Structure formats: C-alpha cells, structure tokens
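A.B. asks: What follows is each chain in one-letter form.
2 protein chains.
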Amino acid sequence: MRPPGPTIRTIPDGDDRERLVCGDCGFVVYENPKVIVGAICTWDDRYLLVKRAIEPRLGFWTMPVGYMELGETTEQGAAREVWEEARSRVEIDGLLSIYSIPEISQVHMIYRARMLTPDHAAGAESLDVALLRWDEIPWDHLAYPNVRWSLEYEREMKGQTGFAPRGRPER
Amino acid sequence: MRPPGPTIRTIPDGDDRERLVCGDCGFVVYENPKVIVGAICTWDDRYLLVKRAIEPRLGFWTMPVGYMELGETTEQGAAREVWEEARSRVEIDGLLSIYSIPEISQVHMIYRARMLTPDHAAGAESLDVALLRWDEIPWDHLAYPNVRWSLEYEREMKGQTGFAPRGRPER
Ligand SMILES: [Zn+2]
Ligand SMILES: [Zn+2]
Chain A
1 MRPPGPTIRT IPDGDDRERL VCGDCGFVVY ENPKVIVGAI CTWDDRYLLV KRAIEPRLGF
61 WTMPVGYMEL GETTEQGAAR EVWEEARSRV EIDGLLSIYS IPEISQVHMI YRARMLTPDH
121 AAGAESLDVA LLRWDEIPWD HLAYPNVRWS LEYEREMKGQ TGFAPRGRPE R
Chain B
1 MRPPGPTIRT IPDGDDRERL VCGDCGFVVY ENPKVIVGAI CTWDDRYLLV KRAIEPRLGF
61 WTMPVGYMEL GETTEQGAAR EVWEEARSRV EIDGLLSIYS IPEISQVHMI YRARMLTPDH
121 AAGAESLDVA LLRWDEIPWD HLAYPNVRWS LEYEREMKGQ TGFAPRGRPE R
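In order, the protein sequence lines correspond to chains A and B.
Residues in the first sequence are numbered consecutively from 1, following full-length UniProt numbering.
Residues in the second sequence are numbered consecutively from 1, following full-length UniProt numbering.
Errors might be hidden in some of the hints.
Note that identical chains are pooled: a pair holds if it fits in a single copy or bridges any two copies.
[Claimed, not checked] Below, a list of computed lysine to any residue pairs in the SDA-like style, where the Cα atoms sit at most 20 Å apart:
(1) 34 <-> 72
(2) 51 <-> 119
(3) 34 <-> 104
(4) 51 <-> 100
(5) 51 <-> 36
Worth flagging that the hints you see were computed from the coordinates, not collected in a lab.
Please read all numbers here as calculations on a predicted model, not as lab measurements.
Please work from the sequences and hints to get the whole structure.
C.D. replies: Rendered as structure tokens:
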C-alpha cells in the first residue's frame with residue numbers, strides 16, 4: 001500500500017520538471033530551495049554561539065541559524081533566529097556569507113550582527129549559549145564548516161563595511 | 001464541498017505556526033519563502049533585456065530572472081535563467097542586489113554577469129530580447145522597480161569588485 005500524501009513523482013501537464021503528486025487528491029508539491037538565515041553576533045571582542053539541542057549535530061556549537069519563515073525579510077529572519085535560539089537582541093549589520101548547498105537545495109545567508117546588550121540565554125532549541133573570546137571558541141565542536149568560515153570572515157572584516165559576501169571556499 | 005488537496009489552515013502537532021493540511025490524506029504543506037534569481041548581463045556598454053511573454057507584467061521588459069530550482073546554486077540558477085529567457089551564455093561576476101519582499105515571501109538575488117559572446121535570442125518565456133545601450137533602455141516599460149535599481153547599481157559599480165549587494169532603496 002502506498003503511504004498517504006504526495007508520493008508519485010511525475011511531470012504534471014504544462015510543466016517541464018518532475019514534481020511530487022498525491023495519488024489520492026491530485027495535489028502537486030512544488031518543492032523549492034529553502035533559505036536558511038543566521039548571524040554572527042558580537043559584543044566587543046566576543047562571539048555569541050549556541051549549543052544545538054536538536055538533531056542534526058545535537059550538542060555541537062553554531063551561530064544562531066534556521067529556516068527563513070514566510071512574511072519576513074532575510075534580515076528579520078536572522079534577527080528572529082538570534083532571539084529564538086540565544087535570547088539576544090541584535091542589530092543586523094551587513095551580509096557576511098552566502099552558501100549554496102545544491103546537494104540539499106539550501107541557500108544559507110549569514111549576517112553580521114551587533115548585540116544591543118550582552119544579555120543572552122538558551123532558547124528552546126539550544127542546550128547552552130555562550131559569549132566567547134576568539135581563543136575560547138570550541139573549534140573542534142562546531143556543528144558545520146560554515147560556522148568556522150563565517151566566524152573567520154567576520155573577524156577578517158572587523159571594522160570594515162561595504163564588503164562582498166563570501167561563498168564556500170574553493171576546493 | 002471542499003476542493004481537493006491541502007486547504008485546511010491549522011497548527012500541526014509539535015509545530016508553532018499554521019500550515020496548510022489536506023483533509024483527505026493529512027499531508028502538511030510547509031510553505032517557505034521562494035528564491036528568485038536573475039542577472040544584469042552586459043556586452044561592452046550594452047545591457048541584455050527580455051520582454052516578458054507571460055503574466056504578470058506581460059509585454060514589459062526585465063533582466064532575465066525566475067525561480068531558483070532544486071539542485072542548483074544561486075549563480076547556476078541565474079545563469080540558467082539567462083539561457084532560458086535570452087539564449088545567452090554568461091559568466092556570473094558578483095552579486096548586485098538582494099531584495100526581500102516579505103509581502104509575498106520572496107527573496108530576489110540579482111547577479112552581475114558578463115556575456116561570453118554577443119549572441120542572444122528570445123526564449124520560450126520571452127516575446128523579444130535586446131542588447132541595449134543605456135539611453136536605449138525602455139525605462140517607462142520596465143516590469144518592476146528592481147529592474148531599474150539593479151541596472152543603476154550595475155552601472156554605478158562598473159569596473160569595481162568586492163562591493164556589498166544593495167537592497168531596496170529606503171522609502
Ligand atoms: Zn492527497
Ligand atoms: Zn490530500
């Protein structure tokens with residue numbers, strides 16, 4: 001027996017790509033790439049990181065980051081994620097990095113943000129949160145390579161404005 | 001009678017936002033913001049524009065632009081749209097603009113691109129295509145304000161690299 005919901009992969013009439021279609025009700029799912037927004041947040045020379053409370057990479061550290069939602073700008077989404085995961089209010093201050101990950105159809109947009117106060121606390125999706133000096137960052141326990149890339153670019157661009165966002169390093 | 005497919009707006013178990021759910025098969029639609037990619041393409045001092053063959057804004061001019069698809073980077077998506085709509089091969093060369101349109105949950109990412117040859121032709125979604133000098137651009141018949149904004153920023157940044165992408169002008 002087929003599971004319920006859109007499970008049939010076919011090219012709908014008038015389309016030019018395969019989509020998922022429901023065999024029961026005919027609903028067509030238009031899957032699109034997803035936008036992930038986040039921010040490297042700083043207070044003086046310290047960086048705001050959260051320890052993930054959910055899979056994947058549970059227990060590893062990252063900048064606050066998550067799926068962009070409907071009805072917000074990318075900057076609003078990044079600030080919302082910072083609030084949800086690290087309970088910090090920030091001012092978004094430039095786009096640091098854009099990482100396309102075509103293998104999983106994601107576009108990550110990581111901003112630079114200035115904390116308005118040093119206050120922070122773990123949100124529901126975080127086991128822990130910390131405001132760390134550069135040499136206190138748990139480099140061997142970061143959730144993803146792009147956490148390191150974005151931290152390094154933030155540090156490199158400190159005090160500068162008007163720079164181009166950086167992508168994945170060439171491999 | 002309810003139409004088929006996901007039409008019931010409710011908060012699924014374990015979620016914190018309303019989603020569209022199908023009353024027949026229970027399928028939950030996770031709607032996310034969509035990414036639109038495009039490019040301002042130039043050959044010497046001329047700009048590549050297409051006349052839209054589809055609604056909305058049928059008959060108006062725009063840079064090649066459209067929905068990012070699964071399995072591609074933003075740059076690949078922009079180059080694909082240029083090929084599909086204007087039959088031109090380009091090299092993507094920096095991100096010009098990012099426009100969040102929260103009212104319709106879209107993120108537009110417009111690149112700067114260099115045409116590899118002056119060849120071009122109307123694709124299936126274009127009524128016409130043209131390689132125009134600045135003063136030949138049909139300013140009163142552009143499809144959207146961001147066509148003008150991106151053209152102006154391309155011109156302003158001519159010969160420069162490493163600049164920050166620009167958003168919507170402040171209003
Ligand atoms: Zn169904
Ligand atoms: Zn259904």
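A.B. asks: Against this structure, judge whether each hint is valid.
C.D. replies: Here is how each hint holds up against the structure:
1. 34 <-> 72: Classified as both; 14 Å inside a copy, 12 Å across copies.
2. 51 <-> 119: within (17 Å within a copy, 52 Å between copies)
3. 34 <-> 104: For residue 34 and residue 104, the Cα distance is within 20 Å both inside one copy (9 Å) and across copies (15 Å).
4. 51 <-> 100: Classified as neither: same-chain Cα gap 23 Å, cross-chain 29 Å, threshold 20 Å.
5. 51 <-> 36: Intra 18 Å, inter 32 Å, cutoff 20 Å: intra-copy only.
Hint compliance for this structure: hint 4 is the single one not met.
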